[in-house]
Structure formats: C-alpha cells, structure tokens
Amino acid sequence: MFELFIQPIADFSFMQRALIGCIAISISAAPVGVFLMLRRMSLTGDAMAHAILPGAAVGFFIAGLSIEAMTIGGIIAGCAVALLSGLVSRMTSVAEDSSMAAFYLISLALGVLIISVRGSQVDLLHVLFGSALALHNEALYLLGGISTLTLVTLALVFRPLVLECMDRLFLQSVSHLSPLAHFSFLMLVVLNLVGGFNALGTLLSVGMMILPSAAARYWVKSLDMLLLSSCLIAIASCYIGLLLSYHAGWPTGPAIILTLGFGYVISFMFGLNNSLTSQYTKKKHLSA
Amino acid sequence: MLLSFDNLTLGYEAHPAVHHLNYGVKAGALIALVGPNGAGKSTLFKGIMGQIQPLDGHIHLNGIETKDIAYLPQLNQLDRSFPITVQELVALGAWNEIGAFGHLKNSHKEQVAFALSQLNLKGFEKRLISSLSGGQMQRVLFARLLVQNAQLILLDEPFTGVDSRTTHDLLHMISAWHKQGKTIIAVLHDLEQVRQHFPECLLLSREPIAFGATSEVLTDANWLRARKLNEAFDEHAVYCGSHEAP
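These protein sequence lines map, in sequence, to chains F and D. Residue 37 in my numbering sits at position 37 of the first sequence; the count goes up by one each step and never skips. Residue 232 in my numbering sits at position 232 of the second sequence; the count goes up by one each step and never skips.
In short, the hints are calculated from the structure, not lab data. Some clues are possibly wrong.
Said to hold, decoys possible - Using 35 Å as the maximum straight-line C-alpha spacing, the simulated DSBU-like pairs for lysine-lysine come out as follows: (1) D:K26 - D:K182; (2) D:K228 - D:K26; (3) D:K122 - D:K182; (4) D:K179 - D:K67; (5) D:K122 - F:K221; (6) D:K182 - D:K109; (7) F:K284 - F:K221; (8) F:K221 - D:K67; (9) D:K122 - D:K67; (10) D:K109 - D:K126; (11) F:K221 - D:K105; (12) D:K179 - D:K122; (13) D:K179 - D:K105; (14) D:K126 - F:K221; (15) F:K283 - D:K122; (16) D:K67 - D:K126; (17) F:K221 - F:K282; (18) D:K122 - D:K109; (19) F:K284 - D:K126; (20) D:K105 - D:K67; (21) D:K109 - D:K67; (22) D:K182 - D:K67; (23) D:K67 - D:K26; (24) D:K122 - F:K284; (25) D:K109 - F:K221; (26) D:K105 - D:K122; (27) F:K282 - D:K126; (28) D:K126 - D:K182; (29) F:K283 - D:K126; (30) D:K26 - D:K109; (31) D:K126 - D:K105; (32) D:K179 - D:K109; (33) D:K122 - F:K282.
So here's chain D without its partners, still in its complex pose:
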C-alpha cells in the first residue's frame, strides 16, 4: 500500500470530520472520493498533507514523503488577484528541485513550456492569473501539477466551475497520469463522471460508508446511508467509546 489509514479520526474541536477510517490505497490506483458536503473529504486531504494532526489513529505514507504528494486545492483557496503570471505560477511546480532560492534551469523552463502546451495554454505565459476564467485557472493549476511530477496526486473538486470541454481535457490528463502509474485520489460530486472514469471509489460521510469497485460502492442504499450519517452532527455528543459527556 502506498498510503494507508489506520483507525484514522480527523476533526475540529474534538468533533470528528473523518471517523475511524481503515483504508489502504495501492500504488497506481485511481480513486474517486465522494460524499455529501461536510463529509470530511477535504479534511482527509489536509490530514494526508500533514496540515492537521489526527485526533486518533494514524496515516501511513509508505515509501513516499509529503514532498512526493501534489495537491490541487479548490479554486477558492487561492488569491487569484495576486499579481503573478501564468508562467511564474506553473514554474513553482518545480519547487522540489529549485526550493526557495534556486534558479530555474533551462530544463525547468522546457518542462513549464511542455506543461503549458499540454494544457492548451500556449500564448498565456505572460498573462496575470487575475485575467483568467475559472476553467483557464484550473488548467494552469493542472500544468503546475504536471511540472511537479509527483507520485501521489490529490485533486480537490477539480471540475467545479469548469466547462464540459475543459473537464474532458482534464479527465484525459488524469487518465494519462493513471497510465503512467501515478496514484490519484480526486474529490468529485458528479457520480456519473465517477462511474465512467474512476474504477475505484471511497464513499465517505464522516464515517466510511463503502469502498472498493465503483459500481459496488455507488448504490442507492449506500448513498442514502451517507446522507443520514452526514446529518448526525451533535453539539452535545458524548465522548467516542464511552458514555461520558464533555
């Protein structure tokens, strides 16, 4: 397993957002992470990235480090008014090699040019990101992922606010990464898209509802259970595993 969760609980102010998750991700897997809003999907990504510490249990990275993980944030997590050009942003994907102080070598510049051409962004190099549409911005972030060339890729709602043609292009890129043996986990809401393009699926609703082959996970019964569990937030809940109130 490239990545495994051992009785993992993540949360905020003692309330679990991901509760007792036991799950393993094989190297080379292409997994859709689905669930209702507030199901803990983005929280799980933060846990994998080490940005929040588990309330209980463990996350095991086997043979990789955090720097081998590439993360695509939701578009609203970025300050898109910042005065930086498309080329400069994509070049930051080479961080693992250039770090905070290194200069971009010709090989990096070639990687950036290749990534921009792969995402149909030729001619956008000098444009400020503030002038881009949502779909164009998402393609820029995919170009940065391409330059990062990481083993594990986490995509948080990669197609939100993106038109169908761009979605098609980005799905094509994800498929190419999968064929190269990269491991990909994507948070998605379009279940039809998941059925068509993602062979494996983890249905999360704070607690894991089901995981495995997508056709077996995305059933009406599982989805109904996910919805019910997601609404079970209790401000006055007792501590997990005891009858003791906080």
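Isolated chain F (complex conformation):
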C-alpha cells in the first residue's frame, strides 16, 4: 500500500511539485466552478478555455516556453473576451451566451492561426494539454498566487455574487455591485483557466472547474458544503490521477480529469441527492 499510494510522492520531487500545484488549482478552481454551475454557465468555462489560446500562443512566440509570458498573454486574451462579450451583451440586450460564443470563436481561430503560421504541432499540444509533471518553482508560485487571489476575491464579492446568481433584480435594487460581481467573477474564471493550463492544458483545466462541482451537487445541498466538498473531490481526484499517471505511464492531465469524470459518474449513479439510485429506490418516509 505504501508503495502504491505514498512512495511515488515521497520519493520524487517532481511528483511533490505536481501535487502541490494541483492542490492549489483545486482549492481555487473548484469554488469558481460551483458558481459557474449555479449560474448555469458551465459551458462558458469551456468557451473561455478556448478564448485564452491566442494570448498564450503570442506569449509563447515572443518569449518561448516562458510561463510568465504565456500566462500574461492568456490573461489578456481571456479578459478581453470576457469583457467584450459582457459589454456587448449588456449594451445591446443580446443574451451573453451568444456574444461569448462569437468572441471565443474569433479568439480560438486567431490562436490556431498564430500557432499554425509560427509554431509546430508539439507547441500546440503543450498549450492544449499541459504537463503537470514538469511544473517548476515559478509555475508553483504562479498557481499559489492565483489561488490566493481567487479565494480573497471570492470572499470579497461573495454576497453580491450569491445575489447575482439567485436574485439579480434585488441586487440591482439595493446596490450598484451587480456589474462588479459579474465581471470580477469572469476574471476569476479566466485566471483559473490560465493557471490550470500550465498543469493540465487549456482544454482540461475547465474540467477541474466543472466536474468537482457537478459531482458534489449529488452529495450535498447547502452552498457552503458544495464549496467545501467540491474542493475535497478535486484534491482527491488530483492525488489519484497523479498516481495513475505515475504507475500506468499515462499523461497527467487526462489521468486527473478522467478520475474526476469517474467520480462524477459514481456521484450521479449513487449520490444522496437526485442520483439514479435515490430516484429509483423506495425509501422510508417521514410522517410530516
């Protein structure tokens, strides 16, 4: 058991760094994913993951495989798409999903064009699928910083964000914080996707946001428990995914996301709330 679960982490510093990086992503991306799910914006995370591609690609071609340059590029591209789609939607009364789709498609096409003209398929694969086992110290500092900033921002905008999700008209009637809550939340989505692409890649980092919250909803009901349990599911899946990657020789990103996916399947089949088994098995009922 020790050799299976502990030794790979204890013996190798690259595994320790990968675990620390993944825990940092877990405790920040999972709570962001809970709010994405509650706002019925789960697919927005996927769209944003595509949107950061051209920024990361430009960063790559300016400074090579520099984590700082790719991160800054990704943040700029992601923020631009989030802000533009939000502004177009609020100024023209067009639903945000359509303006988001338009801008992310433009951004994705731009990213693929840049990589095709200037790079190689190997570069594209790195941006899309990342490499958790190659995380160096700078990447860990970045992930730690993004994680800290995310948790602090969530704590600051928590109450307006809850109202923005549940009762926006009330929020607009008592304060002017509705746009602040909306846009700072979109910024957090971008930041976490950019943070995640170093370890898992742009396409898989969105899984770190969505799958833990989607699984948690089958087990717990209240918001605080959703936030806590989605973090725990994400951390546990990262640990198991890293071990799978080590023992089976699988790529790390897909191993972690598949573990999360397995957790989601188990949850919707056997979870306590609205799962398949809870709906089709007769249970004792209360008298009132």
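Starting from the known structure of chain F, arrange chain D on it as the hints suggest.
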C-alpha cells in the same frame, strides 16, 4: 409627492411600453397598478428602480433614494433552485445596513426572527428555498421586505400562484404597512381584490387610462379602452409627435 412621473415614456427598442405618463404618488399612498398583460406595469417598476432609462420625460424621487425602495419581483424572476436557506435570504433584507461585507449583528438576527414569525415561517429557518412551495416562497420574500423596512414598497404580482389563506395574510401585512405610513404600489390582476383593499388605482395600458379613487377608475368603459389600446402595437408606427417613419 414622494414619487412623480413627468411626461414619462419607457420602452424597448423605441417602442413605448409606458407612454406619456404624468402622475404623482403621495407619501403614504396605497395604490393598485392594474392593466392587461403587456400594459407596461413591470416596465414602470423597472423605471422607478433605475434599471431602464426613460425614452422621454422624467421620474422624480422626492426625498428618497433608490435604496429606500423595496421591490418584490415576480416569483419567476428568482432562481429558486439556488442553495440558500430561508434565514439567509431574509437576512439579505438588511443589505442597506450590512452591505456587501458587513456581519449580521444581533439586532439584525432579531429582525429576521421577528419577520419570520410575522409571516408564520417559524421552523423554516434552515430550509433551502428550493424545498418551498410558491406560497411559502412569497411569504419568505415578504419577510425580506419586512427586514428591508423601506419607505416605498413595489410589489409585482404578489399574489400570483398563492392560495387564498396566504393571500389573506399578505394583504393583512400590506394593510399594516399602510397604517405605518409606508407608500405601497402593487401590480394586481384581481379587480375585486383591488376594489376591496386598495383605495387608489392607476389603470395603465401603455398609456395611462385613468387614475384616482379605485371606484372611479375601475369602470367597464375604462377597462374596455385599456384592452383596445393594449392591442394597438404597430411594428411600422411613425415616430411619436411626427409623421416621420423610422
């Protein structure tokens, strides 16, 4: 006047939903806002709340600010599947005092407990709003209004989907607010209810049809005119006040 509309026109994509409204609301008034579907009633509330800007004219808030207005939305405007408890939702009524970051003090908790007891919601504190019926949810929103303690209260279809007993209780609460001197405007569809409980009435059908004492406003002739005007939407209408087509 606590609230006045000066030649007010509100609308969407240049089409007026409220057209040339001149009307004043006295402090302490209890007003029913009635009219057919699509008459501009909810749009007028959005204008008062500052959520849409007038196409023409002005809305004057005299001696109050937007934060002094409490708004009860239609039930379908809320995401009732959101995982928040009854107690947490009602406590948000204290927003003007706690804002985005403040902690609930004991006095706020007492206000919440009082509001829940007034609306017969004792024992519901820890329940998620997703487990409530429509009537129970409406009582929760009234409890939040009670905690808000605003001078002007706007109620958008407060009794839709609510049983007669709950409607009776909520009407009792509205009457109590009126006696306390609060100003209340409620969008309603049950004209008999309006006649019994609301002394003043504004009949709107995009254009103001009549306003004043309820018995004088709710006549067959006025209602017929309201229905006809409401159906007069024209995609190819010329600009108001000219013969120029868009």
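Right, here's what the structure says about each hint:
1. Between K26 (chain D) and K182 (chain D), the direct Cα distance comes to roughly 10 Å. Compliance with the 35 Å bound is thereby established for this hinted pair.
2. At roughly 29 Å between alpha-carbon atoms, K228 (chain D) and K26 (chain D) fall within 35 Å of each other, so this suggested pair holds.
3. Distance check on the hinted pair: K122 (chain D) and K182 (chain D) sit about 25 Å apart at the alpha-carbon level, within 35 Å; holds.
4. With a CA separation close to 22 Å, the supplied pair K179 (chain D) and K67 (chain D) stays within the 35 Å bound.
5. Between K122 (chain D) and K221 (chain F) the CA atoms are separated by roughly 21 Å; this keeps the pair inside 35 Å, and the hint holds.
6. Distance check on the hinted pair: K182 (chain D) and K109 (chain D) sit about 23 Å apart at the alpha-carbon level, within 35 Å; holds.
7. For the suggested pair K284 (chain F) and K221 (chain F), the alpha carbons sit about 20 Å apart, so the restraint of at most 35 Å is met.
8. Simply put, K221 (chain F) and K67 (chain D) have alpha-carbon atoms about 32 Å apart, close enough for the 35 Å limit, and the pair holds.
9. Taking the CA atoms of K122 (chain D) and K67 (chain D), the gap is near 28 Å; set against the 35 Å cutoff, the hint holds.
10. Between K109 (chain D) and K126 (chain D) the CA atoms are separated by roughly 14 Å; this keeps the pair inside 35 Å, and the hint holds.
11. Restraint check: the Cα-Cα separation between K221 (chain F) and K105 (chain D) comes to about 26 Å, which is no more than 35 Å; the hinted pair holds.
12. For the suggested pair K179 (chain D) and K122 (chain D), the alpha carbons sit about 25 Å apart, so the restraint of at most 35 Å is met.
13. Pair hint K179 (chain D) plus K105 (chain D) holds up; C-alpha atoms about 28 Å apart against a cutoff of 35 Å.
14. Between the alpha carbons of K126 (chain D) and K221 (chain F) the distance comes to roughly 12 Å, so the proposed pair stays at or under 35 Å and holds.
15. Proximity of K283 (chain F) to K122 (chain D) is assessed by CA-CA distance (about 28 Å); at most 35 Å being required, the pair is judged to hold.
16. The straight-line distance between the Cα atoms of K67 (chain D) and K126 (chain D) is roughly 28 Å, inside the 35 Å bound, and the hint therefore holds.
17. Note on K221 (chain F) and K282 (chain F): the hinted pairing holds, with a Cα-Cα distance of about 21 Å set against a maximum of 35 Å.
18. The suggested pairing of K122 (chain D) with K109 (chain D) holds, with an alpha-carbon distance near 13 Å, which does not exceed 35 Å.
19. This hinted pair checks out: K284 (chain F) and K126 (chain D) have alpha carbons roughly 22 Å apart, not beyond 35 Å.
20. The suggested pairing of K105 (chain D) with K67 (chain D) holds, with an alpha-carbon distance near 20 Å, which does not exceed 35 Å.
21. Note on K109 (chain D) and K67 (chain D): the hinted pairing holds, with a Cα-Cα distance of about 21 Å set against a maximum of 35 Å.
22. Simply put, K182 (chain D) and K67 (chain D) have alpha-carbon atoms about 15 Å apart, close enough for the 35 Å limit, and the pair holds.
23. For a cut-off of 35 Å, the pair hint linking K67 (chain D) to K26 (chain D) stands: about 18 Å separates their Cα positions.
24. The straight-line distance between the Cα atoms of K122 (chain D) and K284 (chain F) is roughly 26 Å, inside the 35 Å bound, and the hint therefore holds.
25. With a C-alpha separation of about 23 Å, the suggested pair K109 (chain D) and K221 (chain F) falls inside the 35 Å cut-off, and the hint holds.
26. The straight-line distance between the Cα atoms of K105 (chain D) and K122 (chain D) is roughly 20 Å, inside the 35 Å bound, and the hint therefore holds.
27. With a C-alpha separation of about 26 Å, the suggested pairing of K282 (chain F) with K126 (chain D) holds against the 35 Å cut-off.
28. Straight-line distance between C-alpha atoms of K126 (chain D) and K182 (chain D) comes to about 30 Å, which keeps the hinted pair within the 35 Å bound.
29. Annotation: proposed proximity of K283 (chain F) to K126 (chain D) holds, straight-line Cα distance about 23 Å (limit 35 Å).
30. For the hint linking K26 (chain D) to K109 (chain D), the alpha-carbon distance of about 33 Å falls within 35 Å, and the restraint holds.
31. Taking the CA atoms of K126 (chain D) and K105 (chain D), the gap is near 18 Å; set against the 35 Å cutoff, the hint holds.
32. For a cut-off of 35 Å, the pair hint linking K179 (chain D) to K109 (chain D) stands: about 25 Å separates their Cα positions.
33. Simply put, K122 (chain D) and K282 (chain F) have alpha-carbon atoms about 31 Å apart, close enough for the 35 Å limit, and the pair holds.
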